Amino acid sequence: MEKRVFFRNKWLPYLLVAPQIAVTLVFFFWPAGEAVYQSVFMPDPFGLKTRYVGLANFQFLFTDPYYRNSFATTALFSSLVTTISMSVALWLAVLADRVGKKAGRYTTLLIWPYAVAPAIAGVLWMFLFMPSIGVLARALGHFGYTWNHALNGGQAMFLVVIASAWKQISYNFLFFLAGLQSIPRSLIEAAAIDGASFTRRFWTIVFPLLSPTTFFLLVVNVVYAFFETFGVIHTITGGGPQQSTSILVYKVFSDGFVSQDLGSSAAQSVVLLLLVSGLTIIQFRFIERRVQY
Amino acid sequence: MTGMVEKKGWGLWLTHVGLLAGIIIICYPLYIALIASTVTQADLVTPPMPLLPGGHFLENYRAALFSGMSTPVWKMMANSLVMALGITIGKISISLISAYAIVYFRFPLRSFFFWLIFLTLMLPVEVRIVPTYEVVAGMHLLNSYSGLILPLVASATATFLFRQLFMTIPDELVEAARVDGAGPIRFFFDILLPLSRTNIAALFVILFIYGWNQYLWPLLITTDPVMNTIVMGIKQMLPSGDQTVEWPVIMATAILAMVPPVAVVIGMRNLFVKGLIESEK
Amino acid sequence: MARVSLTAVKKSYGKTVVIDDLTLAIEDGELIVIVGPSGCGKSTLLRMIAGLETITAGTVVIADRVVNNLEPRERDIAMVFQNYALYPHMTVFANMAYSLKIAGLDKGEIAKRIETTARLLELESFLKRKPRQLSGGQRQRVAMGRAIVRNPAVFLFDEPLSNLDARLRVQMRMEIKTLQRKLGATLLYVTHDQVEAMTLADRMVVMNNGIVEQVGTPLEVYHNPATTFVAGFIGSPPMNFLDLNNHNIVPVPVKASLVGIRPEHLRFCPLGTGLCDAEVAFFEELGAETLVHLRSQNGEKYILRLESATTPPALATSVGLTAADKYRFFFDNNGKRLKSEDAPPSP
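Chains as they are written, first to last, in the numbering used here: chain P, 1012 to 1304; chain U, 2 to 282; chain S, 1117 to 1463.
Same shape as in the complex, but just chain P (with noise of 0.2 Å):
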């Protein structure tokens, strides 16, 4: 796509990039080339000189049992996060887009934790779930259901999960919604003249008209899952306990920033980097082909 007209200048041009650029080079370009250049070298024990070690940086992170736990955690993690925000979401726009036009007063009730930061989130849940005074977990101590996050692994896991997929409801529900809206009326409307019923037009008609933008969504909230959700873990859990919700990017800080192993954080940014690439890769093919819808 391009115009047809445009202006002609020598110079303005490139002074109305200048900004853009020289942002993404020194803040995007530069640390992105040196996190790759010190993912192949290494410091010597007492961190006075690095030298070249290659791939060795890889070899032993991809050894690292932690590491190679971190990656399942984030893909539990990022599995649940996703089903349970897209289907809780996808549900509540359904019944909204049932309700028509009066749905507008529920969607801001339904809306407003997009504007939660992801640190808040956990805050808000964490307190529901302390396990002196959380309101929750004194109610399941009241079943003889013991809650502590702090010593139990699995129920660490269980509530980042939830305080992360809460947020991400309100995104995928506008877009739902969005999506359901767009749906042509009369085709819902033959169906039911075919006598198909609302849980059978669902499955039939509606859900399938509404994969692109649940594709859509799914790239998204992989996205969130993977790199948003820092706030959440880092407020809620610390990564533990023994590094039990502590996803990719939570390690590339811990290891960076907490245990300072630069040549181990590196080699773990540049795996990072080749994730999020697959991912906008996939982002935008998709992209490509919903415009031709």
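Hints are computed from structural coordinates only; laboratory data are not their basis. Keep in mind that a hint or two might mislead.
Below, in silico cross-link-like pairs of lysine-lysine (DSS-like), each with a Cα-Cα straight-line distance of 30 Å or less [unchecked claim]: (1) S:K1246 with S:K1223; (2) P:K1014 with S:K1126; (3) P:K1021 with S:K1217; (4) S:K1223 with P:K1014; (5) P:K1014 with S:K1246.
Treat the numbers as computed from the prediction; the structure is a model and nothing was measured.
Please arrange chains U and S on chain P, whose structure you already have, making use of the hints.
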């Protein structure tokens, strides 16, 4: 699907019940936080937890705003506001002008710059935490507003959004402006900017929320508590281990941290929805 | 007001030639209509004069100044666009004032000029409105007003009426003509509509495939088409063409391969005595006249225009067709008109 088939009686009633259930689940954590911010620590520690607001609203919020734990919350909110506005205005300005250059000019390296901007999509802060920190530290920008804002103002998404918008503006408008004697700078300020008003406003809402909610970056570069933002500062208030903390004050802080972005979403709902859906196109 | 002259003007995008070696002189105060089918290069030509397209070769002179390398604003021209290109966020007043403000005129002068122009175009009551609050015809008028306030040497109109409905188009056509006379302005007007061209033009320029087929007054062009393209494009319904290979017609000029006859000049005659024979296929009864559609045995189609008072032959009957000698236009196989001087004297 409005005005759809079988929209009466039981079905509709169940629909409303379902929605209400969803709203209760979504709003429950907020409700509990609101209650906890209006009672005393003692009320929280001794079960059962109160279900209605207590009478200590002013007391708790005053304690949070003016003394906090290490830094008064008003100071952290001011920092957050500066950061959020800086990021928002910065992102919008530099994206507007770079999109303008890419759409309305032909120059060598044009597509190179475009791809350079595009590639930043693949480099979120989270991926390059340590080296970016080192770069910013090397520039002596730790504990400064510039350090909080600058590394976050590049935006491929906003640039694409404006590029998309400019592509939809008819060519004849540029031609008319040129015949009328307007050069590129005049055209930008007199025609393009006013025509992009709604989109800028919608993007402003989204980016303000993005900026306000930053966590990891301020956590790294504001080691001085006076520079903490509220979203990351609250972490410092949380108990580590078994120490006792003033939960009502923490909850008041959490509420204060939510108020500006949530108010923006609710107050400008239509712009927010427009911005959200368009920035993902 | 000013003269415009184009000399050996050429426009190409890479290897694609859009306008080839075009020379044209436009007199002061003339209304020139450039007409042709879409893609013939007429809009490109106008935009080259405006300075919105670069000129690949040749020179464009406006008011005795070579403008090839001047920006649009330096050329002393004003343009009216097909979609009007009004600035949607500005009021009618601001739209009209914009170029004057850029030119640095003082506020009093701007207001005075806009007032005069608004009165001329009956736009006084709309000055405070935004373009979206106006009807199509009003927007069109604002677009003209925006051009007129500048008092330019040359007006350029690019299909200005094609977004209006048929009735409004006829009315605006007359208004433009009257306005142009009143202002004594040099006006270049691009359209694809031959009726518009016929009714508006002092002289018309018929273009096809990037070249000028003919320049002349509307009646000259109609009665004396230079090529088959002009003959077929100007006039509705179009001229009938008979392939001389299929018809035995004498006398013909040497090298002639086609004969063209306008529908109003075609006459019925007994079978076998005319230029050709054909069968009556159907009628279009338009009230004042009837168009008789005919088809010959080898599939050629003809249209004959008949006064309604005359009774046409019945459907499906075969008839002969003829025309007076002076209404027979001969063309060679390149589509070029052969003048009657080229014809051998009739026996």
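Results of checking the hints against the structure:
no.	hint	verdict
1	S:K1246 with S:K1223	holds (20 Å)
2	P:K1014 with S:K1126	holds (22 Å)
3	P:K1021 with S:K1217	holds (26 Å)
4	S:K1223 with P:K1014	violated (35 Å)
5	P:K1014 with S:K1246	holds (26 Å)
In summary, the one numbered hint that this structure violates is 4.
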